[in-house]
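K.L.:
These protein sequence lines are chains A and B, in that order. The numbering of the first sequence is my numbering, which starts it at 1 and goes up by one. The numbering of the second sequence is my numbering, which starts it at 1001 and goes up by one.
Honestly, the hints are just simulated from the structure, not real lab data. Model, not experiment: these values are computed from the prediction. Beta carbons: idealized from backbone N, C-alpha and C, even for Gly. Be a bit skeptical, because a hint or two may be false.
[To be verified] Some but not every residue of chain B turned toward chain A, in silico, with C-beta under 8 Å:
{"id": "1", "residue": "1088"}
{"id": "2", "residue": "1091"}
{"id": "3", "residue": "1123"}
{"id": "4", "residue": "1125"}
[What the hints assert, rightly or not] Using 27 Å as the maximum straight-line C-alpha spacing, the simulated BS3-like pairs for lysine-lysine come out as follows:
{"id": "5", "chain 1": "B", "residue 1": "1034", "chain 2": "A", "residue 2": "265"}
{"id": "6", "chain 1": "A", "residue 1": "7", "chain 2": "B", "residue 2": "1140"}
{"id": "7", "chain 1": "B", "residue 1": "1149", "chain 2": "B", "residue 2": "1017"}
{"id": "8", "chain 1": "A", "residue 1": "268", "chain 2": "B", "residue 2": "1119"}
{"id": "9", "chain 1": "B", "residue 1": "1204", "chain 2": "A", "residue 2": "268"}
As a plain string of letters, each chain reads:
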Amino acid sequence: MKDKSIKTLRMIGLGFLEPLIRLFSGEEPSKNGKLFFTKALLPLLSIILFVVIWHAGATALYNSEASVRIEKARAEQGEEAAIAMQECIESGDVSCQPNTLPSPKQVFGAFQALWQDHKSISEKKAEFKDKVSATNEQREAQGLDPITYTGRPSFLDQIGTSLKTVAAGCLLAMLIAVPIGIIIGLSESLRTAMNWLIQILKPVSPVVWLLLVFMIVKTVITDPSLDKSFIISFISVGLCAMWATLVNTSLGVSTVDKDYINVAKVLKLSIGQNIFKIILPASLPLIFTGLRITVSVSWMVLIAIELLAQSPGLGSFVWEEFQNGANDSNAKIIVAMFVIGIIGFLLDRIMLSVQNMMSFNKGMA
Amino acid sequence: MTTQLQEIAYSPEIATKPEMLVCKDLRKVYPTPKGDYVVLDDLQLSIKKGEFVSIIGHSGCGKSTLLTMIAGLNEISGGQIIVDHEPIRDAGPDRAVVFQSPSLLSWLTALQNVMIGVKQVFPGASKAQKEEICKYYLDKVGLGNDFHKRATDLSQGMQQRVGIARAFALKPKVLLLDEPFGMLDSLTRGELQDVLLEIWQKEKITAVAITHDVDESIFLADRVIMMTSGPYAKIGDELEIPFERPRNRKDVLEHPDYYDYRAYLLNFLNH
């Protein structure tokens, strides 16, 4: 039971909990206590230290911006205005707050506000659904499209949209990169032929990909019922992120163990059997390494692409908040930053466990 | 000394059998920037049906090159290799190879590793028949309880057992062994030599084993072929080993002639 849970934890990338489990089962308390400290408590401490430094920095920036405001009031409108400004700032009045790096507390507040906002929007949605359910049934019976909720999306909805875009983008990347990778991995001349093209296209910025995709999609897709901005953003994400998978797949296929190739030759396997029974399984670990990079790259470029493509999602959330300039906008941007970071981390962990599962297949042989 | 030993060793039973594997004027050249490097030159070899031959020589003498050429995994620069009266063109399951590293497909089980070959050689057989063949050979190499273990969960020695089972299950005309036990510890190596001889005794497949272990070469083979050091390597000498089969290690080691054979081979290798 214990060994099994440890194995599972390692698989899903929560290996740092291993000493804790061993500790609870009373196994070498001093050694595992130390391990738990280094593996779980130290990272936690560093996060706390980060928050403290952040808090101190935010306070310093707040104070400096406050004093600038006061001085400005004094210089422009005299002493009285300066005192009024100081009082206004100290009272916490929204109208005169210094607009700078938000403190951890403000960010947490913004997080709660976003959460509340999500709840109220969900309620509204549920209400709306109840209200229109009868009408929708009628409409459906008449063969009309149902009425859908068109209110503002909540922060969580934006996350959902972003994840959907990334999933579609990665799927596209996989569908393009894996087959091409296998084909060019199999033939050295094809590999040489494609090499320059790949090397040139690989470092192209996500923004340029977006514009390129935009040029094409705009012409190709004329059906107004399709969500063009979603199509543009997921294709761009896929194109930006597919290179790692492409390169890794072709590398994996071209470097399959020579012994395996010899086995295939002695057994006189057909090309299809050779690819599906020998080459593909043998290069799976490298393909998944590539896919892991693809997933993290796609999450990284997503924000910039959503921002430019005006497709709903975290990117446009960040952009809207920045344009909005409301009092808690800065704090909300920081919330988004952490959410992006944490989701990226989780995606990477998921891919890492998949990758580990694949390499266990390969073992040490 | 040669003639003396050869006379004692001459085995009329094998001499009357048809030829299974013939290398005629065999030549192998690797082009290098400094000109051609001739590994094998003018090599003549004839192996009878059902004969077990081992080839010894110093490392780098080209014995592995010779074996991979017979297997069809290495191009022939000149001359011919004839198996069962047909010149070979490329690799094929009629010349099964046991590689030095077990080269099992690590994502498959022991049974699946044997099966992939059996499926190629017996496409007409039913699933149950094919499975029976696989299980028979795996059982013969002592893996009766490990059919469904993954290749990665097997030890090196066990993996090489699967390698042997995989080769025999192909029912090849010629069995090629490329230093099959070179990567194993001496205890496991002994065990696997026994396993190999036991299963070979039943099948009597023409076999060629590359080795640099003098004792191994004597224990396994009817005839030991000594290759000269490269470049321009060829067959330097041959020695018939007439010990009775089935052999067992103890009898072979205690045979009065054993040390003469051993000394003869070592003498060749040291000069």
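K.L.:
Does each hint hold? Answer for all of them.
P.N.:
Going down the list of hints, with the structure as the test:
no.: 1; hint: 1088; result: 12 Å, violated
no.: 2; hint: 1091; result: 4 Å, holds
no.: 3; hint: 1123; result: 11 Å, violated
no.: 4; hint: 1125; result: 16 Å, violated
no.: 5; hint: 1034/B with 265/A; result: 31 Å, violated
no.: 6; hint: 7/A with 1140/B; result: 35 Å, violated
no.: 7; hint: 1149/B with 1017/B; result: 41 Å, violated
no.: 8; hint: 268/A with 1119/B; result: 11 Å, holds
no.: 9; hint: 1204/B with 268/A; result: 24 Å, holds
When held up to the earlier numbered hints, the structure conflicts with 1, 3, 4, 5, 6, 7 and fits the remainder.
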